[in-house]
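Going line by line, the protein sequences match chains A and B. FYI, the numbering for the first sequence is 1 to 454, going by our numbering. FYI, the numbering for the second sequence is 455 to 1058, going by our numbering.
Source of the hints: derived by calculation from the structure; they are not laboratory data. Bear in mind the structure is a predicted one, so any value in this text is a computation, not a measurement. Some hints here could point you the wrong way.
Covered by chain B, per the in silico footprint, the following chain A stretches (three or more residues, Cβ under 8 Å) [what the hints assert, rightly or not]:
| # | segment |
| --- | --- |
| 1 | 208-215 |
| 2 | 219-231 |
| 3 | 328-336 |
Here a beta-carbon is modelled for each residue, glycine too, at the ideal position from N, C-alpha and C.
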Amino acid sequence: MTTIQAKDLLDELAEPIRQWLPAQRWFAAKRRGAEVVQTVHATTIIDGDPALVQALVNVDGEQYQLLLGLRTELVEQVGHAVIGQAGGRHVYDAPHDPELMGQLLELVAADENRGGLRFRHEPWVSLETGLRARPIGVEQSNTSVIYGQNYILKLFRRPSSGPNRDVELHRALHAAGSPHIADPLGTIEGEPAGLATTLGFLQQFLPNAVEGWATATASVRDLLAEADLHADEVGGDFAGEANRLGVAVAEVHADLAATLGTETVTSAGFGARVDAMHARLDSVLTEVPELREHEDMLRQAFDAVRELRSPVEVQQVHGDLHLGQVLRSTSGWVLIDFEGEPDTIPEQRTVLRSPLRDVAGMLRSFDYAAFHLVASGEEDRQRLARAAEWADRNQAAFCEGYAKVAFDPRSQPVLLRAFELDKAVYEVALEHHYRPDWLAIPLATFRRRPSWLA
Amino acid sequence: MTEPLEEPRPDAALGLDGVPHTGEAMTADGHLVEPQAEDFRHARPAAKDLAWYQSAVFYEVLVRAFNDSDNDGTGDLRGLADKLDYLDWLGVDCLWLPPFYASPLRDGGYDISDFRAVLPEFGNVEDFVYLVDQAHRRGIRVITDLVLNHTSEAHPWFQESRNHPDGPYGDFYVWADTDTGYPKARIIFVDTESSNWTYDPVRGQFYWHRFFAHQPDLNYANPAVQESMIDVLRFWLDLGIDGFRLDAVPYLFEEEGTNCENLPRTHEFLKRCRKVVDDEYPGRVLLAEANQWPADVVEYFGDPAAGGDECHMAFHFPLMPRIFMAVRRESRFPISEILAQTPAIPSGCQWGIFLRNHDELTLEMVTDEERDYMWAEYAKDPRMKANIGIRRRLAPLLDNDRNQQELFTALLLSLPGSPVLYYGDEIGMGDNIWLGDRDGVRTPMQWTPDRNAGFSRCDPGRLYLPVIMDPIYGYQGVNVEAQSNSTSSLLHWTRRMLQVRREHTAFGFGDFTELGCSNPSVLAYLRRWVEPGGDEDLVICVNNLSRFPQPVELDLSDHAGLVPIELTGGVPFPPIGELPYLLTLPGHGFYWFQITQGDESEAP
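Only chain A is shown next, with the shape it has when bound in the complex (with noise of 0.2 Å):
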């Protein structure tokens, strides 16, 4: 067996990469494909049959992780998960691969280094290792692979230099001794591009959790397929569960805050912000045509909070809260993912915002799960009142939930309302690139009044 030189094996393959990476999830620019494909840095961290080859690859001006695998005989898992050959081995994607995947787990948990690579546990935990290695089915911008019923390793495929945020937040809230997190177990960490970043993330895995966006839209479903009942009267209320959603919301603001500190934004700080928001707005009014009947109310509500007098507490928040972003577990709702807002540069991300910033996404989010089902198709007044009336339950019901533990989002309506319409702006820019048929969502908030706007 030759010692593989990963750089090599890389710019052999770097061919069957470029027509590889636009048919992955997490790669950006699927339409535009990949044009220029230069590594930046590779290593070999597992030598031997199986290999497993780690790397960064500037593609167009941005950076990707690749995980490659490298086996003379190709088992099952990775039958469907090959880039191209090289050197008489086959070369695939290594996240499918178990016996790579589980090595990879032994090195977190025996603390290792391999290949300028640091594999590191959290100095509390003791890891399981001989776990069978699965990768998950669906994922937007970066590949996990599960273990057992144990344990969930994300791999970034965007990684970007300096702290994480998603495990900064994780070890603060865990220090805090949150119920409300996937508890943080280990990182990989180096430094291919000569500045540190994290490349992967260990954490528990909640074998019977459930995705918010699920659960809610299967109460959605129940009260669409009723004729005469109201949201409150159906089987499929979700109102119990968005109160606690919102009582675990309120609690992860709390340990946030008392972990990592708050500011106060006096109205004279408010400027900057606001003219951020407009700027969104500009950018998005020469895209969607459609947008411009609501300019006027959009940039008022905007201007609002320029008047406010009070000073705003900021400081750490979630940061791109959703429904997709929240877990039902047998124990309560889990928050996942504390990356920042996508489409953010990542100094920005560790800005202190408003926790209301937070509330408005989550509000946004029933919007969403309540008028996903009637959005395209034929206007349905009555399903579309049903829709509306869903939205507003467990929109207050949410907010009744946060009030239990924090202050109530809607005595603040001026900046909850501001930064609702600036997250259904960038809504807008998002439908019209990625699913005309959804526009119809984000476009109905500016017609809608909510009602918890007095």
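Given chain A, put chain B in place with the hints provided.
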């Protein structure tokens, strides 16, 4: 005149003249003469099997409601015995009879006035022995309720106690000069009772009662009471009974400064009862009725290191409402949560689980528990409250929807615990809400489309309760005879499911692992039993709690290479691979699979 009138005979209130009963005579030292087991024939013993209750299917049957042998309009023990062939055919393993003892019937027979006599309208002790003997002949066991905590005020013990404070029964009840003792004990029946103490003008003292004022609590601090009650157990065990459901066990002892529930001395006494069973009557069971949280109920199983040394079984109360809640919410979490919170139980123990029984669910017993969010949510939902809070039968609770009745029954038969069926639910009987919530679910069993539903040949006006006659659930349509003749009936379906359950030890003895999946409406779990020889019985149950068809992907990769075989039809499904196993379920559908080696050609 200061001389009291001649006091009445202590057995005067029993109405048992002509049959053996407590207090028919007195000994010279003032003791009541009580019937002894030797006075009667004994039933043949049941087949020897010490762990039978861990895999048994129980069937709760009200003697009054099942079959009337003497045509007086009320079901009786002989009538029940005449229907044992039906119960044998259905496939039940054990009958649970609510109390059939002599009683003034002010609390459904739980107010026992003589522990050693049968309520005359049901028959007598000889009839009971005949029932047990005939049941054992068919491999069916019989257990009954026994109220340890209190008696009826009509019990000769209480009559003696109030009349002769210095006699042998003077200390059989909890007497006090004031009503201020044990202030921390809550009042359970807050609707009818204002205090746990009631003044007795005969004795001139207050007596203690945790339930109704007509049910004075026995004084377990008195060793003679303990001995007397253990002798009651022995009386019925000698006659051949297979066990007792011990009613209201948490309240036996009182202690100042406590809430008088679950006290250590109560557990000590239960250990004594258990030792009597183990030493003298192996194979008989004690089932605790403690309407408490599972984490607290496990105390009544006793020492895990000894495999349990108190009760063999206990009811799992919160599971039932959560099954209803889960299907209504179309979410598995109400069930998943309660099972996740249910602690492991000693190896020799088993839960009793049920969908419906003769009682309503007593919500007030657990509302204070902050751990359970659901009760609060219940109370907010008027439809749930109306449906669960009052006594309804399974079929009307589920709008007579056959798919849901099957799903609920499949859950009952496959979740961990020994299932308890309620008489009539196997044919989808209805209830009569106009009879009030207590009697609405206690109407006569519907055997045939003939007069009185075949329950009795008496004049219909003489029936203890009218038979169900409405157009949907009426006996002309819903009856055993009609459903016996149709293999697609609910009755035949239920029988088939009991057969399948009996074929797989995993259901009774196996451990339970929930299989998580991304679809919140699907509840999937694995039941696994490893034979002492190492052979495994693996059963996977997948339940769609939603009315809509649902897909589910299960991670079964631990069983890669094995083949699931559907248990009701024996159809092999595609083999399990490394990838998630995809199933689609119809609305309210379910699957039971055995996981087998693929090369076995024959179905289980």
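Here is how each hint holds up against the structure:
no., hint, in the structure
1, 208-215, "holds (count 6)"
2, 219-231, "holds (count 4)"
3, 328-336, "holds (count 3)"
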